[in-house]
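Given the coordinates of chain D, work out where chain U should sit on it, guided by the hints.
Those sequence lines, one after another, are chains D and U. Using our numbering, count along the first sequence one by one with no gaps and you end on 630. Using our numbering, count along the second sequence one by one with no gaps and you end on 225.
Be aware that a few hints might be false.
[To be verified] List time: in silico BS3-like cross-link candidates among lysine-lysine, alpha-carbon distance up to 25 Å:
#, chain 1, residue 1, chain 2, residue 2
1, U, Lys153, U, Lys190
2, D, Lys140, D, Lys343
3, U, Lys161, U, Lys84
4, U, Lys84, D, Lys102
5, D, Lys80, U, Lys190
6, U, Lys84, U, Lys6
7, D, Lys102, U, Lys56
8, U, Lys111, U, Lys70
9, U, Lys56, U, Lys70
It is worth saying that the hints were derived from the structure and are not from the lab.
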Amino acid sequence: MAAGVAAWLPFARAAAIGWMPVANCPMPVAPRDHGKRQDELIILNVSGRRFQTWRTTLDRYPDTLLGSSEKEFFYNEETKEYFFDRDPDAFRSILNFYRTGKLHYPRHECISAYDEELAFFGIIPEIIGDCCYEEYKDRKRENAERLMDDQEENKDNKLPNMNFRETMWRAFENPHTSTMALVFYYVTGFFIAISVITNVVETVPCGSTPNQKDVPCGERYTVAFFCMDTACVMIFTVEYLMRLFAAPSRYRFMRSVMSIIDVVAILPYYIGLVMTNNEDVSGAFVTLRVFRVFRIFKFSRHSQGLRILGYTLKSCASELGFLLFSLTMAIIIFATVMFYAEKGSSSSKFTSIPASFWYTIVTMTTLGYGDMVPKTIAGKIFGSICSLSGVLVIALPVPVIVSNFSRIYHQNQRADKRRAQKKARLARIRVVKTGMSSAFLHNKRNGLFNELLELPCSEEVEQHLSKTASLLESQHHHLLHCLEKTTAHEFVDEQLYEQNCREGAVQSYPSCSPSLSSQEGPTGTCCTHQARKNPLPDASVPPTCQGALQELSAVHIQCSDQPALSTSRSSLNMKLDDTSRLNCKSGLITTAIISIPTPPAVSPEGDSQPLTSPSMQTIASSNAVKVSTL
Amino acid sequence: MSVCRKRCRRQLTKVGRYFYRLLTGTLAEDSIEDDFELSTVCYRPEGLEKLLEQTKFTKKELQILYRGFKNECPSGVVNEETFKLIYSQFFPQGDSSTYAHFLFDAFDTQKNGSVSFEDFVAGLSIILRGSINDRLNWAFNLYDLNKDGCITKEEMTDIMKSIYDMMGKCTYPSMKETAPSEHVENFFQKMDRNKDGVVTIDEFIESCQKDENIMQSMQLFDNVI
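Bound-form chain D, shown alone (with noise of 0.2 Å):
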């Protein structure tokens, strides 16, 4: 029920009473107003603007949420009003749509953040007025549009596990995708320009014998041009198959108008073998050699605009229709009066309706060849009427065929620029992605840090460490910490990582978790088969990957501190001597761990360090780099 009907139901009932004497069996109970309640005002105070209202407009509409119980979860107790932290402009459309019952559209606002204002508020969007109903459409499929060309766009990625069928397929559809299909793509497009050529030339007449008159090149070099001719068929016959085995639906491709196109354009070849030299139908076998011209349109499978220019005919099929449809009356009236006006006049070419058309068509599409003229009074009136009213036929239904393709170029050029901007636009975002991972990894080995150490931090390092976590940020480092409990794997960042990698096959130096870097899947870990199953003993310090983080830890003294530095470090190696001491007496260790070699910067501190420090110093400057970034 229209909700703005709902203030005039108390009417309605009253109204009812007409009824009751005429009634001859008891009424039912009326429904009791529970707890009826004076009216009163409501604020609504949406992030920080206030609205108010009667709680009966609110309640108009029940199944929506200021209309229902669901706004109780937003009620202040303090303030007494009910807080949305949502947007206060999109809002007043909103509240208008309880106090009038019509929801308009506001044009400003983006059509993607209306609909979620919408959805959060119960509403929904079919209920807008008239006024604004088409602006609303509009604007949505110009969205879904556009988004739906990013989709597309991502179905380019190759996805894992395809067959060699669905390879081929691809290869066909998007030629930059492979070397393969882009040699592919320029060798038909070279053919069929070869094709079309030749046709063209078969007609040119090349020289004259002295006992006979012109002949086209065609007929004097006939082996020529057959042979070309049956090489294009070849090369076209061969992709028409491999296209037609590729295809994920063989019915679909076959329905669609290139490969209707394609069919089309090596047909005649194989029917001109088929007939041979039947005199009866070598008629016909010329007039087939007319669909050679098909070859052309082969090319629209190379040339975007070509296609636009398809699709745009066939979305203005309509205005065409029209076009011709009018342009026939016209031709049609305009030639019986020529007729008959041109009839008495002695000599004259309008000898019959039909043959008037041909001066209509020309006239009103202001050609005038001048084969046909009238020459009576009336008839040229008549004629310049024609001109005129041509002019106007032709002029009308030009500009909505004009701007339909503008539409459809201005959208294609659009989605051509986004998608160029796309690779850019994820380079950057990845980047800022990596940086919240190398955060964790950062704060990670700060933390480690302090607690290995226990020195006393210094002011600007504790700052700084307060500065940059945040409580966001703390929680979420504490999540992955937890995730790396829980899988007794580790991050580390990718360099380390391959470092890793490298050092394992060297130094059997056993990596020791699947890195997560970047946020894609889980990567296969090329060390897996060196990487033991640690578990973890309940130190804070997780003992597997130490070795690792020692190092990084080390660099990172390296990096910040100079003061001290052997001291410092040789005091970590000494606390990790502890440490490792420690886990042994522990009693937890598994072999895996005993296995560990202590890392090269805590045994022979000399030998080992040139070894490692290029390594190191690359990592230094890494994480230097990655310092700063943070």
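Same frame as chain D, now just chain U:
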């Protein structure tokens, strides 16, 4: 005669203006001046105090009533079409236009084709806050279509038909053609004391007061507002 001549002159000027515009090529502008002839009807009710005196509603109730009324009819009056439209929203299965027409006549006490807020509130005051006799009077007024003080069989049949029309086609048991007239017969048997074929106001009130069901149902909608 002068009216005729004035009209003739107006038509001639219109034709002349039309041809002038045709030759000079200006687009039609006369539609704007036509618009000025329409005046927006805006009706404002008497003050709140006056309405308080006239009706039995409290101030708050009047406020609520007026807000609802004004929201739906910003111009301040309801005409019959709007009335019918609103009423039909409540009875989607059947055709409530006839009964709405009768209701409209009952509310439109001043017979000027539109129901203002005062008429509206006056009617509601009787129905919801009036005594039983007042209500019965109001109901009688509703049934008495030509307001001549007695209900004939034809009037009653019209009313009954309009009520049954509101039910629509899909009823259980299915609606018979004779249902309204049977009901009318029933009604007249009950109400018409002296069997003269019409029901006067006294007969009506007397019969109704004797019927317990009717007495009870008259008070059913007291709490509507």
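Consistency of the hints with the structure:
{"no.": "1", "hint": "U:Lys153 with U:Lys190", "verdict": "holds, 13 Å"}
{"no.": "2", "hint": "D:Lys140 with D:Lys343", "verdict": "violated, 60 Å"}
{"no.": "3", "hint": "U:Lys161 with U:Lys84", "verdict": "holds, 17 Å"}
{"no.": "4", "hint": "U:Lys84 with D:Lys102", "verdict": "holds, 21 Å"}
{"no.": "5", "hint": "D:Lys80 with U:Lys190", "verdict": "violated, 58 Å"}
{"no.": "6", "hint": "U:Lys84 with U:Lys6", "verdict": "violated, 40 Å"}
{"no.": "7", "hint": "D:Lys102 with U:Lys56", "verdict": "violated, 34 Å"}
{"no.": "8", "hint": "U:Lys111 with U:Lys70", "verdict": "holds, 21 Å"}
{"no.": "9", "hint": "U:Lys56 with U:Lys70", "verdict": "holds, 20 Å"}
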